[in-house]
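Please arrange chain P with the ligands on chain F, whose structure you already have, making use of the hints.
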Amino acid sequence: MNYKLIASVSVSLLMARWKQTLIAAIGVTFSITMFITLLSFMAGLNTLLDGLIGNRTAHIRLYNEIQPSKMQPVDLLNQVKNHHNFISSVKPKNEKLEIYSNGAVMEALKKDERVLGVAPKIIAQVFYNVGAIDLTGVINGIDVEAESKLFSFKDYVTSGEAIDLRNIPNSIILGKGAAEKMLANIGDVIQVTTPKGERMQLKVVGYFQSGIQDIDKIQSYTSIITAQKLIGESNTYITDIQVKLKNILLAPPMAKEYAKLFDIEAIDIQSANSQFETGSSIRTLISYAVGITLLIVAGFGIYNILNMMIYEKMDSIAILKATGFSGKDVNWIFVTIALTIGIFGGLLGLVFGFGLSSVIDQIPFNTAALPTIKTYPIDYNIKFYFIGTVFSIVTTYFAGFFPSRKASKIDPVIIIRGK
Amino acid sequence: MNEKILEAKNISKYFHDPISIQVLKNISFSILQGEFVSVIGKSGCGKSTLLYILSTMDTDYEGDLLIDNIPMRNKKEAELALVRSEKIGFVFQFHYLLNEFSVLRNVMLPGLKLANYSEKEVEARAYQKLKILGIQDEALKNPNQLSGGQKQRVAIARSLINDPLILLADEPTGNLDKKNSEIVFSIFQELSEVFNQALLIVTHDNEFAERTQRIIEMEDGKIIKDISRN
Ligand SMILES: Nc1ncnc2c1ncn2[C@@H]1O[C@H](COP(=O)(O)OP(=O)(O)OP(=O)(O)O)[C@@H](O)[C@H]1O
Ligand SMILES: [Mg+2]
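Protein chains in written order, with the numbering used here: chain F, 1 to 419; chain P, 1001 to 1230.
The hints are simulated quantities; they were obtained by calculation from the structure and are not laboratory data.
By construction, the Cβ of each residue, glycine as well, lies at the ideal position given by its N, Cα and C atoms.
A portion of the hints provided could be inaccurate.
Stated by the list, open to error - For each label pair, taking beta carbons as the anchor points, the in silico distance ranges come out as:
(1) P/1141 - F/405: 32 to 38 Å
(2) P/1141 - F/386: 44 to 50 Å
(3) P/1033 - F/297: 54 to 60 Å
Bound-form chain F, shown alone (with noise of 0.2 Å):
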């Protein structure tokens, strides 16, 4: 087949209507630009909210929790082994939540291939005590250099410097909401009670802002030995085992691994936090959704132009198989007129939906929930640029496909006599 032909006639057909086919294309260019857009800043805003769990919570946590133990003495008696034991009001004995011999399985972690990073933590109840009130809180005791590394610490610590907590003595960080229920400004020295009836003075040494105001009304940090100090108890003593992994996706079964290897709690992130999860895909969903009607839509707007276009070219079809183009040829003609508005139509809708993302992109956001995030997130993915020129394509072709298939069956006979 003659391909120049068949494109030179195409073109010379579209620029006869040359204001139509623009309308055309500019629907193409609009959806496209639409589609681009929504979907950099869905998931822009899709890895701005994972993020906020993602990257500064733990893969796998382990722990210790105080539970009944789940065997009872009766379990051992060897009369009622096979029977169905019911005993009511079990309660948990006295324990520690100690993850004991910590520093041994934090090594046997670290040497892990799949493991990016380990940070221990303590978490310990307190009260801040503010005058005559007593306000619940929360003091974790962390290992400020590497809860900066693998869970970006640094970052939500709005004022004052992370690591003066471990460079200055019985320091804390306070969370921004704890802070200013207790008018306590950076320098100040505040008084915390342990549930044991332990004080300690701690000196305020900055603000912690996590987006999250529940618990910024509650947490605080501070260095593990100031921790260990604030409860009393020996220099070993950890609760938490903070694992970060290279991979998050294992963190389900590498979660299981653990807590059967070293007879321990681990959750991972996925179970603790599957809403998240759910949240991000159906924003996907959704915008996948509204770009794909947007491009239907356009494809409508072709096959008008095509339809039109074929009624009013009634002649020039039929001339055209009298001096002997046949109907492939007709067909491939109005396919390429297709084409040509989705694939036009479908570029310019990529650069400006690359200029829009990056309009968004410059757009001031500034949320006190938020306090690393400057303007409105954007994700410039290659992949929906990649998508947005496949569906343009496809939709185009087949918005041409049944105008063309009507143009090729034209019988040139009824045409010509029609006159």
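Only chain P with the ligands this time, still in chain F's reference frame:
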């Protein structure tokens, strides 16, 4: 020289809408190379219908059509398109040029489609045909900038671009005044005498027909007279 280039064998044609009627009844004749033939007959006797069948555009008929001694029956749509491209030139009563293209491009299109020559050569040939028809100066104009007679000549030039075996025309002068009809007629005559081109022209103009080599007269879908003069 006296080779048969087109032969109709017992061609019959029916229309079924609104009622079944036979518009062509066992038409048989053949045309030799270089013959200048006119077809006359009352309005509605089936001349155009016959011409569409001979041009291979209408395939719904009984009997056989041979072009260049090759039967056209059972050929596929694309093969028939190739036959039209290579062997048949067609001129309509209404000039039917494509307004999206220049005069030159209109003449070139069937040549480009057949692609026996390069684009440059097709262009040179198109100029040559326009020259034969005396309208080479209009080559770069748009068809709607031409007079009716000029358009008809462009259409003739287009039909000749692939050096067809036969040129079929349906009332090519039906729309033209006396002077332009005369021009078209003398062009046909020149094609026949100088270029040995076979022509089959349907006309209502008896004066026109009188001056051709052979007149086929039809009535009610049948050939009633077939007179050759020499
Ligand atoms: N599509 C059709 N359906 C039914 N009958 C038709 C159709 N086309 C043509 N006819 C009939 O076929 C007959 C032949 O028509 P045709 O056009 O061949 O006549 P013609 O000899 O060319 O006439 P004219 O000199 O007026 O052009 C006419 O009676 C016409 O009414
Ligand atoms: Mg007629």
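We went through each hint and held it up to the structure:
no.	hint	result
1	P/1141 - F/405: 32 to 38 Å	35 Å, holds
2	P/1141 - F/386: 44 to 50 Å	47 Å, holds
3	P/1033 - F/297: 54 to 60 Å	59 Å, holds
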